[in-house]
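Trainee: Place chain B on chain A using the hints.
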Amino acid sequence: MYVAVKGGERAIENAHRLLAHERRGDRDVPELSLAQIAEQLSLGVDRVMTEGSLFDRELAALAIKQARGDLIEAIFLVRAFRATLPRFGATEPVDTGTMQVRRRISSTFKDIPGGQILGPTFDYTHRLLDPQLADGFSPDEPATGEAPAMATPRVTDILGRDGLIEPSPAADADAPVADLTREPLNFPADRDLRLQNLARADEGFLLALGYSSQRGYGRNHPFAGEIRFGEVEVEFIAEDAGFAIPLGSIALTECQMVNQFKGSATEAPCFTRGYGLAFGQSERKTMSMALVDRSLRARELGEEVVAPGQDEEFVMSHSDNVQATGFVEHLKLPHYVDFQSELGLLRKLRQEFADANEAPQMQEAAE
Amino acid sequence: MAGDERLANEDGGQARRKAAMAVLAHSEAVDIAGHLKAIALPAHEDLREPENGLVMVRGRIGGDGAPFNLGEATVSRAAVRLSTGEVGFGYTLGRDRHKAKLIALCDAMVQSDEFVAAVEAEVIAPLREAMIEKRSRKAAEAAATRVDFYTMVRGEG
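If you're matching them up, the sequences are chains A and B in order.
Each residue of the first sequence is one higher than the one before, starting from 1 at the first, in my numbering.
Each residue of the second sequence is one higher than the one before, starting from 1 at the first, in my numbering.
Extracted from the complex, chain A is given alone in its bound form (with noise of 0.2 Å):
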């Protein structure tokens, strides 16, 4: 337990002022704008939009520079603005099916329809820390192609399409659509529950068990059947209007892992899948996810549970960043009561402990 304290008002003051003064740093550099972070550290920017589980960068691109760069520190600070607005409903479910793809590539076939597109990637960069970006760097106008008529079908419905690969599970219009925001964790949790956990789980957790699921702990062998990133239109049925409203569209990234079989008697064998989807271009926190979620499938595909990551109380209830620094850093807060009981009981001990050892020496003198 730790207690409140008073006094120190000022010193808080002045820290905070002195924080202020840190945070803008030599003021003869140029301060940096939301426009400059949002536009060239974007990738952060779309990292905190995940995990604060708000899409909205120029807010993000605010809590990056308030929180000097710390994107945990960042994506609390977009939890708590979450918390001031009213929510007005929740929107169609989005069809990655028709994502305007800006990147879409797949491991298990070279030639898909609507085919292998890069996008903006490091894959294939050398790695090489490039001097020319240290002082002002004026890129190339990106290539342009001739841009196919044809749609890019997600890589699991061709595979489906044959009952290669499970399906998704259907939709059931009765059943509420979980919302840990709303209610309390609850085990077992049921897939869509596990995913909006995934969704908003911090990225190294989820690299970690992910990584860990490959190596052994738990199953997961899995090709990336497909990963693509885009812009995708989200539609909002309004009540004052009465029908399905054009929202714009918000980029989302997509990962569709193929993992090894299921069958049964009555059942074909065919693959299985792990799924992934944040927003902005999230690669790896999208991979992992997917890795993770086909891992937490363990108890519903009858695999034997033996791995922290197929431990969905253990990964869902240490996944969120936010949660987690709030009880690792609370440990900083003052806890001058407790310690000083824990102090008075260690006194004690040792007391105790001097007393039974000075009784025999005493005993043995006097002999």
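Calculated directly from the structure, the hints in this document are not laboratory data.
Any given hint might turn out to be false.
Quick look at which bits of chain B chain A covers, simulated, 3 or more residues with Cβ under 8 Å [as the list claims (entries may be wrong)]: (1) 21–31; (2) 54–65; (3) 71–80; (4) 88–95; (5) 130–142.
Below, a list of computed lysine to aspartate or glutamate pairs in the EDC-like style, where the Cα atoms sit at most 20 Å apart [stated by the list, open to error]: (6) B/K134 - A/E141; (7) B/K138 - A/E233; (8) B/K18 - A/D240.
Please read these numbers as outputs of a predicted model, since none were measured by experiment.
Backbone N, C-alpha and C fix where the C-beta goes; we use that ideal spot for every residue, glycine too.
Mentor: Just chain B now, with coordinates in the frame of chain A:
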């Protein structure tokens, strides 16, 4: 029969409104306002003061399965009524309340026989063109990164 016709008209009206809203939601407030200057605006009042809020964005498990909650997005909304009675709604992603109001005004005008032609020609059409141009450019940039695989054939030559 008359009922069917009315329904068809209503659907047609709704499709037109939706198509206009899709373009407007993709446009910047400053551009919408700029194009609206070409029209003498009808008298109107706020039915709903422009306001900010959130929507929960939903995805589908596996892309095509049961829905799940992905995360929220900021939205703005507004509603206006023309003095002639048409009610327009404005919804858009983001926190630009002025843009929501402009969309609501356009939506009301799209429903008005007097203004529909002007708003389609002066506002929606040029904004649609700009939107398509931007999309095509992005698609062309992506297309240039399409991989042309070829398989090495062994034992030739």
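Trainee: Can you give the numbers of the hints that this structure goes against, from lowest to highest?
Mentor: Nothing - there is no hint that the structure violates, so all of them hold.
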